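Trainee: Chain by chain, the residues:
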Amino acid sequence: MGAGLLATSGYLFLEVFRPSQLNHRETKTIEALLGTLIPDDETPGALKLGVSEMILSKAATQNKYRHIIKKGSEWLDREAGKLSSTDFTALREEDRDSIVARAIESPTDSLPRNFLELMRADAFEFYYSNPRSWAQLGYNGPPQPNGFMDYYKPRSPRL
Amino acid sequence: MGKSEFDAVIIGAGPGGGATAWGLTRYGFKVLVLEAGPAYSPSEYNLDRTDWEQSAFPDRSKHKERYTFGPFQKLGTRLTEIRSWNHLEGYVNKTEYRTANAYNHMRGVGGSSLIFSGEAQRLHPGAMQMRTRFGVAADWPLSYAELEPYYCLAERIIGVAGPSGDSVRYRSEPYPLPPHQLSYGSTKIAEGFRKLGLTLTQNPVAILSRPYDNRPECNYCANCVRGCPRTDKGSVDVTFIRKAVDSGFCSIRPDCRVTALKAGASDNITEVQYIDDTGAVKSVKGRIVIVSCGAIETPRLLLASKGRYAPDGVGNESGHVGQHFMETIYWFSVGMHRDPLDSFRGIPVDGICWDFNAPDAIPDMIGGCRFSPSVAETNLVGPVNYAKRAVKGWGKEHKKAMRDTFGKALAIVAMGESLPNKKSYIDLDPLKKDDEGIALARIHTFLEEMDIRRIEFMSKKTREVLAASGVENIFEEYSAYDIFNSSHVFGTCRMGSDPRQSAIDRHCRSHRWQNLFIVDASVFPSSGGGESPSLTIEALAIRTSDYINSLAKRGEL
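Order-wise, the sequence lines are chains A and B.
In case it helps, my numbering puts the first sequence at residues 1 to 159.
In case it helps, my numbering puts the second sequence at residues 160 to 716.
Isolated chain A, as found in the complex:
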């Protein structure tokens, strides 16, 4: 009996931390979120620089990461439903922004806050480590092998 209970609870625990892979709807919701965090303007946004593929790839192999993404995606769609009776993907840009703002302003350690901070950090990390994002900043990295021999001069004019 005791062993059975232990086995059952162990099974449930593993289920929580081996969540199913992201379904189509969750994938689309995350892509919409990334497009909101780093949209296209005169320079390419997150989706054009492959940020969603990197985040989805990470989610495919890391259970806890996938778990929070699934819960976060659910939260985004639930908030979208409250706002416009639709999914997050179908919202207008300003409505997506308002939901992202609500998540960021949620209490510390709440699900929406943790989820958005994680997505924000990873989206920026993947986007700004892509050299295609550097030209808009006038950044001529990486630091090596060339270094910055003009270090004592005013900055170079932007391209």
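Just so you know, the hints here were simulated from the structure itself, not pulled from any lab data.
Heads up, a few of these hints could be off.
[Unchecked claim] Not close to chain A: a few residues of chain B, all C-beta gaps over 12 Å, as computed:
id	residue
1	GLU305
2	ASP391
3	SER410
4	ASP471
5	ARG713
[Stated by the list, open to error] Which stretches of chain B does chain A cover? Using the computed rule of at least three CB atoms under 8 Å from a CB of chain A, they are:
id	stretch
6	167-181
7	209-218
Since the structure is predicted, the reported quantities are computational estimates derived from the model, not experimental observations.
Where is the CB? At the ideal position from N, CA and C, for every residue including glycine.
With the hints as your guide, set chain B onto chain A.
Mentor: Then chain B, alone, in the frame of chain A:
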């Protein structure tokens, strides 16, 4: 004592161990260096990768858990203005107690010089007599004049580039290399100092300003802390250790963790026990044994080496091993300049303000401090950190703000004297042990009122200088007041002339154990006014090797 396999067994391949190894091989001593961490190749460093910013130094040491902390002091409520904060999350430490980030120590051949910023400053001579002058800490049992020739030797080996004209720190010869020009960003900070009647001068650094000793000049990538792939930074592995090995008299054994010193009946260390890179238990004999593991691991090893002849730990006859712990008293402010600067270029800490470095230079306070530009040390040298830390929000506004602000960050670090007190010490954790069953070092850290007042002074002056430099908004500040985060630690095997008041003598030799020497910052009787310690450790190490040679010549080893 049985026949020794080596003339000297050195434990630790950082600034103390590496420089001692080189010093002894000059005289033909057969030296073995046991290093707990791996050997690194400069080709391992990641600075040419597009994801370089996500990679710190590629730490491959196998055993990460090394220390614990004792209880932390409660923070006062009147000093909220010197707490660590950033504009995204408010207070970094959200508790009412002081907390810890890390003891920033690197295991590996080269030690913490692998990740240092290259600073190579001499101690202020006035900071070496703190007991006589101010009744605090302890006096150094040797003078600046005695150390000066060894400073010169160390500077020649590592290749220090520095300016002339220091009227406080007497030099018998010029720096081996001309100073680096300030980066464009640092010239703005220099203007700020000047407006306040202060001076920012070029910082002496072990970073080559021109080719030297078969190493190339720096190309100003600003990322010394991630490991220098060019070898222009004078870390110990590419300078002292390289020369010691090239002599043919020195063997390096990486990934070998020393577990105990065996003390014998005749006041000698008879054996050094260690676990080698395969996990096998080994021991080795040396005519002399030199411990150079830093101010936390050195007392740990000595205290853990209890035995019949050393019941309180080796070298701890007077009870001073582990006591007098001094830490890094720091303050960082980071803000955005109004103009574009591309401040991610240059060497990491290229300037220094010495105006408050003398131990009596800060009004109504004992102990000095120094100020430096330090945007690289705050890690704002690439787009990812700007996006995550410096620029708020998301969306099109965030992208626009990134374009407007990237390269505008400026930072100043202040570091000050740390005064020893009864509540700051290292002991052995009674519960936590490493993989080999050796108790971990436990760090007890406590800031007294004088340290806190010094941090207040450093914070105010830093903000004034940044404002005068054209920085319009400070968005991050980090403080030793509420977060222990130390790379420079000192004092836990204090040197002195009186065996009742110190662990080792003026030559870094144990008062009791005749073949035991300690050479690292644990021997410092006082910390100095914020100077980085590695050059002083190296000078002490070379001096110690000369002394050991003189003993050998007299047949006294």
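Trainee: Taking the hints in turn, state whether each one holds.
Mentor: Against the structure, the hints:
{"no.": "1", "hint": "GLU305", "in the structure": "holds, 38 Å"}
{"no.": "2", "hint": "ASP391", "in the structure": "violated, 10 Å"}
{"no.": "3", "hint": "SER410", "in the structure": "holds, 32 Å"}
{"no.": "4", "hint": "ASP471", "in the structure": "holds, 46 Å"}
{"no.": "5", "hint": "ARG713", "in the structure": "holds, 50 Å"}
{"no.": "6", "hint": "167-181", "in the structure": "violated (count 0)"}
{"no.": "7", "hint": "209-218", "in the structure": "holds (count 5)"}
Violated hints for the displayed structure, listed by number in ascending order: 2, 6.
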